[in-house]
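Enquirer: Protein chains in written order, with the working numbering: chain Z, 3 to 380; chain E, 3 to 380.
Hint data in this document are derived by calculation from the structure and do not stem from the laboratory. Some hints could be false.
Since the list gives no way to pick out one identical chain from another, each pair is judged satisfied if it fits inside one copy or across any two copies.
Claimed, not checked - Using 20 Å as the maximum straight-line C-alpha spacing, the simulated EDC-like pairs for lysine to aspartate or glutamate come out as follows:
1. Lys15 x Asp329
2. Lys190 x Asp7
3. Lys351 x Asp98
4. Lys190 x Asp145
5. Lys231 x Glu5
6. Lys272 x Asp329
7. Lys190 x Glu5
8. Lys15 x Asp27
9. Lys231 x Asp7
10. Lys272 x Glu167
11. Lys190 x Glu10
2 protein chains.
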Amino acid sequence: MAEPDFPEAEFEKRLERAQGAMRADGLDALFFTTEAELRYFTGFRTLFWQSPTRPWFLVVPATGKPIAVIPQIGAHLMASTWLEDIRTFSAPHPTDDGVSLLADCLSAYGKVGMPIGRESALRMPLRDFRELTARLAHTEFADASDLMMRLRMVKSGREIALLREICGIGSAGFANAASLFHEGQSLKEVFRTFRIELLRQGADDVPYLVGGAGQGGYGDVISPPTDQKLEAGDVLMLDTGATKNGYFCDFDRNFAIGGASDEVRAAHEKLVRAVEAAAAAARPGSTCSDLFSAMTTVLGQQDGDVGRLGHGLGMQLTEMPSITSFDTTELRENMVLTLEPSIGLGNGKMMVHEENIVVRDGAPEFLSTPAFREIPVI
Amino acid sequence: MAEPDFPEAEFEKRLERAQGAMRADGLDALFFTTEAELRYFTGFRTLFWQSPTRPWFLVVPATGKPIAVIPQIGAHLMASTWLEDIRTFSAPHPTDDGVSLLADCLSAYGKVGMPIGRESALRMPLRDFRELTARLAHTEFADASDLMMRLRMVKSGREIALLREICGIGSAGFANAASLFHEGQSLKEVFRTFRIELLRQGADDVPYLVGGAGQGGYGDVISPPTDQKLEAGDVLMLDTGATKNGYFCDFDRNFAIGGASDEVRAAHEKLVRAVEAAAAAARPGSTCSDLFSAMTTVLGQQDGDVGRLGHGLGMQLTEMPSITSFDTTELRENMVLTLEPSIGLGNGKMMVHEENIVVRDGAPEFLSTPAFREIPVI
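Excised from the complex, chain Z in its bound form:
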């Protein structure tokens, strides 16, 4: 039997906060189709979401515990969570992948919130969603994206403990860089070696690992590895989202292979100083745009192609809010953020640096072991 990642009290607290927000917004229920939201309220954690075949539904009423409306294949695992009302359908089904069961469940509510705004997706066939709303002619569907952001962006002590653990694992992996990476090694081998290192250090999984290498910088920050071999003068960047118990770290490190040019050293120092400036500004009551300003002041340039200089972190590699010029979300104690300044170096090259912090009443706590201003040389 699966072991819950949290005691029931954690889920009771999440539900209590959600139901308070629902009352404030006049919502009778929340409706979800996506992994993070189902897991947030139930603890239901499985890699089975990799299969697009079956939809999964969760209804969170304004009073009472959440109701799972899920494929039969998930009944055994869902029974290990704190939920009591688990309704299952046979899936795949020739004609009705849960729509009737879901419509029955939702028909009890007049106004239903679901995330349809920024960063949301509809993880069920649009055809089925249209059928559902047609059957629920008297139900109003409202956007609950902001409500969910407000709930999820502030982490509990238990969530922060898990985030601290996986960030520690990431830091321990990067600390071994000098023994893992070397000139002449292909990027594919670099990635493979680092994945194995993170698993050895205690990560459950490494769902995200991207990076690049090049003379004096790299071209982007989202690419898979190639057969390109590390050469003297390269800057190697690895950005990792490893997980443990379903929580992510998300930070990167830069390494100079053989040695670094003055330009690369200056860029690295500027990136680290931008993080320091953002951390100094990260207090309850300041805003995401304040952190953005703190970083761009140090960088002397805007964010370029990446579009932001950090974001929320937790059950997903990236969560709301975004550290942009226009995101005025106010920081609150126990928000977990990435600070991720990037800098264009001309000639199509760039560098990026990233740390993970918890907003505290005072100086933030670094979850990742902060990098030095001096770029490490391998």
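Starting from the structure of chain Z, add chain E where the hints point.
Expert: Just chain E, lined up with the frame of chain Z:
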């Protein structure tokens, strides 16, 4: 610069087949928001889809090459693909995450197909999709789910070569089971050890690894590992979806720890014989439901909680079609399928077995090294 997984000829062929199907269905363009579909037509491969922040769009016109409408952060990587028309927007954006740019692009077409049926999702905010369709009052959106299934379910020679490689890696990993797993080992340690083994054998990543262990069977087939320790009499099952170059294997193996009861031995033999029966029935012209019948005849029972006895395999862990009683999809040469019989053992326990095959004109090719009827003992 990223190295394409395929030469341009592969994408030209995919486009040619798609455009033929679009003409037959009277579609002026196809529109996609999801990873597999974007990658199918472009070769754009990145783990950055882990971040839910930014939507990504692809438009495939009835004539001419696909058009990417994507966040600026992806421009550099998309430029390494065969696409020429790459339109980018700044993201996240305060008010317009690509909707205007996408509406401009789609306004050229009268009838646009998109997958809205079985197994599909809408990976963009529903609010933005509604805005898009409101702006395109003269554009008809039609369901292209079946069209996409017909295209993707038959694999090219190059795709089959990649699938053969990753299935070989999975088989090599399982072949070392006796040296990897042992009595007293926790399931968490079993999973960690097997992930590392698959990476060592050459996998790029192990996005899917589930399993279970128990006396005489296990409770479900989608659970993450626990601290439970392997004991004599346990049946250990591991089901892995490892990837290389973006293609998945998906098969499992059962191991008896210490020894197996007669019941477990009989169940394992029955599962392997069910695979053999399905493989014997797997010929061009037979249907998914024929394979289902071949397996249930051997098993002496229906599929139970899982809902099907196999599925398509390729760029995703599970693809259409499904091996069910009601899926009458006709098998065609070069379809890649998993054969995945499962059996209830009473007392809430079950066992499952899975192999990966290519449908050939004659006997199918096994991509996974087939298991013996006798359950292996560790």
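Enquirer: Now look at each hint and say whether the structure bears it out.
Expert: So, going through the hints one by one against the coordinates:
no.: 1; hint: Lys15 x Asp329; in the structure: neither (27 Å within a copy, 44 Å between copies)
no.: 2; hint: Lys190 x Asp7; in the structure: between (33 Å within a copy, 14 Å between copies)
no.: 3; hint: Lys351 x Asp98; in the structure: neither (51 Å within a copy, 27 Å between copies)
no.: 4; hint: Lys190 x Asp145; in the structure: neither (42 Å within a copy, 39 Å between copies)
no.: 5; hint: Lys231 x Glu5; in the structure: between (43 Å within a copy, 13 Å between copies)
no.: 6; hint: Lys272 x Asp329; in the structure: neither (23 Å within a copy, 59 Å between copies)
no.: 7; hint: Lys190 x Glu5; in the structure: between (35 Å within a copy, 12 Å between copies)
no.: 8; hint: Lys15 x Asp27; in the structure: within (18 Å within a copy, 52 Å between copies)
no.: 9; hint: Lys231 x Asp7; in the structure: between (41 Å within a copy, 18 Å between copies)
no.: 10; hint: Lys272 x Glu167; in the structure: neither (28 Å within a copy, 44 Å between copies)
no.: 11; hint: Lys190 x Glu10; in the structure: neither (42 Å within a copy, 22 Å between copies)
Consistency note: the structure conflicts with the earlier hints numbered 1, 3, 4, 6, 10, 11.
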